[in-house]
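Using our numbering, you'd call the opening residue of the sequence shown number 1 and step up by one each time.
Calculated from the structure, these hints are not laboratory results.
It cannot be assumed that every hint is accurate.
Unchecked claim - Derived Cβ-Cβ restraints for the label pairs, each shown as a range: (1) D99 - Q400: 35 to 41 Å; (2) A146 - G570: 39 to 45 Å; (3) A200 - K32: 55 to 61 Å; (4) Q537 - Q585: 26 to 32 Å; (5) A603 - A651: 30 to 36 Å; (6) R320 - R638: 25 to 31 Å; (7) E487 - A39: 40 to 46 Å; (8) E381 - R506: 33 to 39 Å.
Unchecked claim - Think about it this way: if two alpha-carbon atoms lie no more than 20 Å apart in a straight line, the pair counts; the simulated SDA-like pairs of lysine to any residue are: (9) K271 - A579; (10) K545 - A580; (11) K107 - A120; (12) K271 - G110; (13) K545 - S319; (14) K134 - G110; (15) K388 - W530; (16) K388 - L631; (17) K388 - Q585; (18) K388 - T522; (19) K560 - Q585; (20) K134 - D55; (21) K583 - V618; (22) K388 - R320; (23) K560 - A596; (24) K388 - V323; (25) K560 - A580; (26) K598 - H635; (27) K134 - V74; (28) K134 - G236; (29) K134 - Q75; (30) K388 - T531; (31) K271 - D476; (32) K134 - Y48; (33) K271 - A651; (34) K598 - D561; (35) K598 - A651; (36) K598 - P534; (37) K271 - G322; (38) K271 - D647; (39) K609 - T620; (40) K388 - Q538.
Predicted model only: the values in this text are computed from it and were never measured.
Even for Gly, the Cβ is constructed at its ideal location relative to N, Cα and C.
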Amino acid sequence: MTKALAAGLLIVLGLPTLAVAGAPSDGWPLPKAVAPPPAIAAPRDAAYPGVIRLDVDATDVARGIHRIHETVPVQGARRLTLLFPQWIPGDPVPPNALDQLAGLVVKAAGATLKWRRDPAEPAAFHIDVPAGAKAVDLDFQFLVPADDHAGPVLTTPTMLDLQWQSHVLYPAGYYARRIMVDPAVTLPADWTFASSLEGARRSGDVVRFAPVSLDALVDSPVMAARWLAHYSLSEGPVPVRLDVAADTEAGLAVPDEAIDRYRREVEQADKLFGGRHYSHYDLMVWLSNDFGPSYFEQRQSGENALPAEFFSNRDRFSSRWGVPFHGYVHSWNGVFRVPAPMWPANFNTPPQDALLWVFEGLTMYWNDVLDSRSGLKTLPEALASWEKLAADFSARPGLQWRTLQDASDEVLIQHGNANIWPEGRLQSWPDWQLGVIDAYMQGELVWLDIDTLIRERSGGRKSLDDFARGFFGVRDGSLAAAPYTFEDLVASLNTVLPYDWEAFLRARVDSVGANPDLDGITRGGYRLGWTDQPSSQQVSAEQRKGTADLRFSLGMTLDKDGAVTAVVWGGPAWRAGLAAGAKVQSVNGAAYGAEALKTAIIAARDSGKVDLQVARGVTTQSLAVAWDGGLRYPHLERIPGAAALLDDILAPRP
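Using the sequences and the hints, build the whole thing.
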């Protein structure tokens, strides 16, 4: 039909005429795209002229208001663009909290200057610098959230975590390593501090550090507290210490047992990696129920906000004592050896997560291995962790459509959502959608597969330990990042054991499959079996969380009150129409209770179903869940006659 005929037909039918193929019907022009604003200068590897002076007043801990004064040297009349850091090199966490910057005032020679936020990049601020000005002075505040609904609570009346990336504006157009900063912080009276920054000089409550490059500054948070203790974990060849802040002086106590095992973990890490890439290392631990969440890792320190009773309640938390060493492993894997796509030149270039399964998956692998080698976990405890990991992935139908690489991108898909770490934003169908932590754990299974394959094919002469020394132990003492590519990874694996590692990795990272990669478990001498009785660890987990974990029978989990917290995609409960958020009121006509539900599952061997009365909002419905398989719980079993390679991996190195 021609344009004229189409318009005529509308008139005949008495219908309003429409713009056809770009022709306006009422004389108004159709909208056209507005040209984007000029691009912000890309970072270049050139030295910024002068040194930025940065002073942070962190004394208002009661309200969490940090006041910043910054002097930025400039040369002549020009437009200056300052950036608020958004992305930290090597860190997949979503952008820094720009909305918590407030009160920005810019001056030059005492005169107030106008600033303009870039219309396309809200973290960029444009300033027209008058002729003859030698510097611009900035005053602003960083408003630390008062509760975790607004973001991480990193300042309380007794402790703080000063993360420099939230307290500095820096010039666009330069590599972060080529911008020098002279930093200082004013602390509350009588507080002490810890930091990997060098050259600290204290005068009263003001601590000034030696001038440092911007990238090294952001890599070096300051831990400060009313009560702070230091525990030496290693004095040589490079010092490592545990820094502990607590809400009370009594809360600083760390059991000798934990310190002894931490020292052994440092020793085992030295034997694993060989070279070190820190001049000294601080494992920073804040013990408080009102602080955090905070979990960041740097080359020379790691931040960990943990419950107040983390060390004192051994029964509840001793199995998690190895948590701070996740950041320690990152000193080698992720900060020193960083995936090339994850190393941007400044803090406002979004990273790519092409190798997050190495950055995080391999870090989780080594963290678990070192926890076992150091004695932080017994062999049965370590095997129970692998049992849980293997079982969790046996119920991940999302593997049928989503690759490991794509699941890694969830951190970018959830870009900008506050407080998504560590589990990620709540999902309606997490086992089908898959999340960030799924990618981490799936990556860990891939690395176990690699380790056991190397051991098997080399007759036990080689292992992933050899890869660790060759890949992460190079350039001993260097603090400069060493980016790598997928091809570098493959080449390094081939130096340990010649094999078609590219095809091996592509099959596991870039392909979908109905089954998880449990080859490392099997090759390690174990297999996943099923019984109708839970293990002591599974019983303990249900009691601690107040849940009923029935993923492997009905395909659902419930809290103590019967609220459904998760439903396995494609499982019996899913097929019956159940979804998370519903509340089970009755089971086979009786009031809900976890034991009543388990009894009904056993009885369903004969009836073939479990009848549930379920409420969702004001609506109630009766659902018949078809199932006759009884209760099912996973167990890691030794394969008779198979070499126990997994036991060898977890054994300490002499």
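So, against the hints stated earlier in the document, which numbers end up violated here? Per hint list: 5, 7, 9, 11, 12, 17, 28, 35 violated.
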